[in-house]
Amino acid sequence: MDPLLLLEQAFNGLQFGIMLFLIAAGLTLVFGIMDMVNLAHGSLVMIGAYLATTLIAWTGSFLGGLALAIPATFAVGALVEVVALRTLYRRNHLDQVLATFGLILFFNEIVRIVWGPVSLYSGLPDYLMGHVEIFPDAPYPVFRLVIIAVGLSVAAALYLIVAHTRLGMLIRAGASNNEMVGALGVNIKSLFTFVFALGAVFAGLAGMMLGPLTSVEPGMGEPLLILAFVVIIIGGIGSIRGAFIAAIVVGLVDTVGRVMLPVLLRAFVDDAAADTAGPALASMLIYILMAGILVVRPQGLFPARTG
Amino acid sequence: MSKRILALATGLAASLALAATPVAAEKVKVGFITTLSGGAGIIGKPMKNAFELGMEHVGGRLGGLETEVIYGDDKRKPDVAKQLANKMIKKDRVDIIAGIIWSNLLVAIHGPVTRSNTFLISSNAGPSAVAGKKCSDNFFNVAFQNDMMPEGMGKYMTDKKIDNVYVMAPNYQAGKDMIKGFKRMFKGKIVGEVYTKLGQKDYQAEISALRAAKPSAVYVFLPGGMGINFVKQYAQAGLSSKIPLYSVYTVDALTLPALKDAAVGTFGVQHWSPDLGNTVSRRFVSTYREKYGKTPAFYAAQAYDTVMFLDAAIRKAGGVGDRAKLRAAMRTVAFPTTRGTFKFNNNHFPIQNIYLREAVNDGGNYVTKTRGVILSAHGDSYAKSCPMKW
Numbered sequence: 000m001d002p003l004l005l006l007e008q009a010f011n012g013l014q015f016g017i018m019l020f021l022i023a024a025g026l027t028l029v030f031g032i033m034d035m036v037n038l039a040h041g042s043l044v045m046i047g048a049y050l051a052t053t054l055i056a057w058t059g060s061f062l063g064g065l066a067l068a069i070p071a072t073f074a075v076g077a078l079v080e081v082v083a084l085r086t087l088y089r090r091n092h093l094d095q096v097l098a099t100f101g102l103i104l105f106f107n108e109i110v111r112i113v114w115g116p117v118s119l120y121s122g123l124p125d126y127l128m129g130h131v132e133i134f135p136d137a138p139y140p141v142f143r144l145v146i147i148a149v150g151l152s153v154a155a156a157l158y159l160i161v162a163h164t165r166l167g168m169l170i171r172a173g174a175s176n177n178e179m180v181g182a183l184g185v186n187i188k189s190l191f192t193f194v195f196a197l198g199a200v201f202a203g204l205a206g207m208m209l210g211p212l213t214s215v216e217p218g219m220g221e222p223l224l225i226l227a228f229v230v231i232i233i234g235g236i237g238s239i240r241g242a243f244i245a246a247i248v249v250g251l252v253d254t255v256g257r258v259m260l261p262v263l264l265r266a267f268v269d270d271a272a273a274d275t276a277g278p279a280l281a282s283m284l285i286y287i288l289m290a291g292i293l294v295v296r297p298q299g300l301f302p303a304r305t306g
Numbered sequence: 000m001s002k003r004i005l006a007l008a009t010g011l012a013a014s015l016a017l018a019a020t021p022v023a024a025e026k027v028k029v030g031f032i033t034t035l036s037g038g039a040g041i042i043g044k045p046m047k048n049a050f051e052l053g054m055e056h057v058g059g060r061l062g063g064l065e066t067e068v069i070y071g072d073d074k075r076k077p078d079v080a081k082q083l084a085n086k087m088i089k090k091d092r093v094d095i096i097a098g099i100i101w102s103n104l105l106v107a108i109h110g111p112v113t114r115s116n117t118f119l120i121s122s123n124a125g126p127s128a129v130a131g132k133k134c135s136d137n138f139f140n141v142a143f144q145n146d147m148m149p150e151g152m153g154k155y156m157t158d159k160k161i162d163n164v165y166v167m168a169p170n171y172q173a174g175k176d177m178i179k180g181f182k183r184m185f186k187g188k189i190v191g192e193v194y195t196k197l198g199q200k201d202y203q204a205e206i207s208a209l210r211a212a213k214p215s216a217v218y219v220f221l222p223g224g225m226g227i228n229f230v231k232q233y234a235q236a237g238l239s240s241k242i243p244l245y246s247v248y249t250v251d252a253l254t255l256p257a258l259k260d261a262a263v264g265t266f267g268v269q270h271w272s273p274d275l276g277n278t279v280s281r282r283f284v285s286t287y288r289e290k291y292g293k294t295p296a297f298y299a300a301q302a303y304d305t306v307m308f309l310d311a312a313i314r315k316a317g318g319v320g321d322r323a324k325l326r327a328a329m330r331t332v333a334f335p336t337t338r339g340t341f342k343f344n345n346n347h348f349p350i351q352n353i354y355l356r357e358a359v360n361d362g363g364n365y366v367t368k369t370r371g372v373i374l375s376a377h378g379d380s381y382a383k384s385c386p387m388k389w
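Those sequence lines, one after another, are chains A and E. When the count follows numbering that gives the first Met the number 0, it moves up by one through the first sequence with no breaks and lands on 306 for the last residue. When the count follows numbering that gives the first Met the number 0, it moves up by one through the second sequence with no breaks and lands on 389 for the last residue.
Just chain A, with the same shape it has in the complex (with noise of 0.2 angstroms):
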């Protein structure tokens, strides 16, 4: 195969583990500070997705819908966390993933219920819409681009946050021992509340930049979910550094594997055969990844909680 098609593809790569490492970020704070499982972190995909198609329909510019969404996302999350999870981080993990999974049900059913079972499309703006060459006689869209710098903006954010500010702290300090945290006479429960919220917005974000390239519909978040479950799994639980390598992992493999391995295969297989086996093994490849990461370091590659 051509080396800028591979490398093209890794772009691609590149630019959907950056979608998975928003919805992952979100998810291990959760996990790793709160000890909390979140089933319903990819209904805040969904929630911040249909937030930014009708603020943008109802502004008119797509910038201002998205700069009303990410308020909107982060009050959602807000309200979850008051509303819902508040009362179950000292419960156990099954009662947690009960819970949560009724959220689903509940986002989705609300989401029918305002916006309609079907699927909602929209476009780009002009200034969004067009390509550049980032190889030659390769136009990459330009929209993909904007996503990928959003997510590594959103990334370096989050490092400076949480190493450099009193509030990347707490975080950490809560993510290794919220009991003593709260001792010391820290408000935990708004830290919770204001990390919560955090990360509805960056799965929200996700979601936003989602919308006008492929569809809004209900349940949309939860093939994500499992996805960014695997990010975390592999990055190491609670760790913003793992997510983010994780996920760059995660969609490479995904995403080089999906249009490499019907090619490797018709090398050894008969054509029909590879085509038909091809994509199946390639939506294996991340789980077979995961296992044999679990193998090797059942930890993760990066946990936060080390001893």
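These aren't lab readings, by the way, just hints derived from the structure by calculation. A few of these clues could be false.
To be verified - Per label pair, the in silico range of CB-to-CB distance:
1) E:Arg92 x A:Ser60: 54 to 62 angstroms
2) E:Lys241 x A:Ile160: 40 to 48 angstroms
3) A:Phe134 x E:Tyr291: 45 to 53 angstroms
Stated by the list, open to error - Simulated coverage check for chain E against chain A, where a stretch passes if three residues somewhere in it have a Cβ under 8 angstroms from a Cβ of chain A:
4) 29-43
5) 223-234
6) 360-367
Said to hold, decoys possible - Heads up, incomplete: computed chain A residues facing chain E, CB under 8 angstroms, no partners named:
7) Pro116
8) Arg171
9) Ala272
10) Thr275
The beta carbon of each residue, even a glycine, is placed where N, CA and C say it ideally should be.
Once you've looked at the hints, dock chain E against the given chain A.
For chain E alone, kept in the frame of chain A given last:
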């Protein structure tokens, strides 16, 4: 003594009454299974609408008999479709199950429904699996056999001497059929053949690979939401002006409102188009637009034809109780179809015209325009291996 006789008499009378009901007031029960939720909802909802419109046009009575229609949402999942079909047969005791968009769902319910002596009418799915050796006398397809449109496209592209084509379809039964059908009539060279995940949303990686293969044309089968995503991303990648896009079941009245300019200039093949000139079609399109405010796609036309077909067949057979009589009526009945001409092949699949269509921007209205007949009175290629003779 008299008490016992009274009880006996009551019992007898009751059993007589029970036995008498079905004869006295024959009622038609139809189950209509389609996909109403998720991305595929844009296909299922108009089909339900068109079925309801058809029912309105026949006065709510199929063949002049009291009719009850039970709608079911299969969520595009084979297991859900199977449960729905089972429930309709055993609990609702329907005489006919119609609808079904997806080939894999049809294959899943084909056996259980046809074996239960219930008629199964496909208003869309036409997989090869049930058109050949496994054809059934309880199954009728009023839509098309999957391979028909790709055969038409293959013929057209061969006639136009288009070479070096890149082909793509989802990795499931209908996807395979669409590529196989295309290859049956396409004589040029195929430079790439890719199968994607069913329901896939992001095609960027496939688009990169496609462009690198430098084809002179692209042929895809990506129905519903998949097609919207692909064609949109194809335009976003700047390819629509460079590599012409030919598709089947992808660009139509359903997807055009979402696609708009992204699809203009792409060619498709279909057995029906809203601009067909026959009276039934014109009446259907205008009443549909009036009632639902949208231009119907062929899916809707097929659902409408399903009603017209059932109405005419039940009327000819004089009811649904005698299955053999109804079957005979279904095979030969002439009904007002939106397609103008329609005939059943020996495998109960249609013999019909295949048209070339182009997506155009008609003054802000995105529609498909018929650009000629590619194949006339075209029958599918599996009929000859179907053992059914009538």
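So, going through the hints one by one against the coordinates:
1. E:Arg92 x A:Ser60: 54 to 62 angstroms: holds, 56 angstroms
2. E:Lys241 x A:Ile160: 40 to 48 angstroms: At 44 angstroms between Cβs, range holds.
3. A:Phe134 x E:Tyr291: 45 to 53 angstroms: Taking Cβ atoms as reference, phenylalanine 134 of chain A and tyrosine 291 of chain E lie about 46 angstroms apart, which means the hint holds.
4. 29-43: holds (count 6)
5. 223-234: Since three or more residues must qualify, the claim that chain A covers the stretch 223-234 of chain E holds, with 5 doing so at under 8 angstroms.
6. 360-367: Coverage by chain A is violated here, the residue count being 0 at a Cβ distance below 8 angstroms.
7. Pro116: holds, 4 angstroms
8. Arg171: Hint on arginine 171 of chain A: violated, closest Cβ of chain E at ~34 angstroms, above 8 angstroms.
9. Ala272: Violated, about 12 angstroms.
10. Thr275: Holds. Min distance 7 angstroms.
Comparing the model with each numbered hint stated earlier shows that hints 6, 8 and 9 do not hold.
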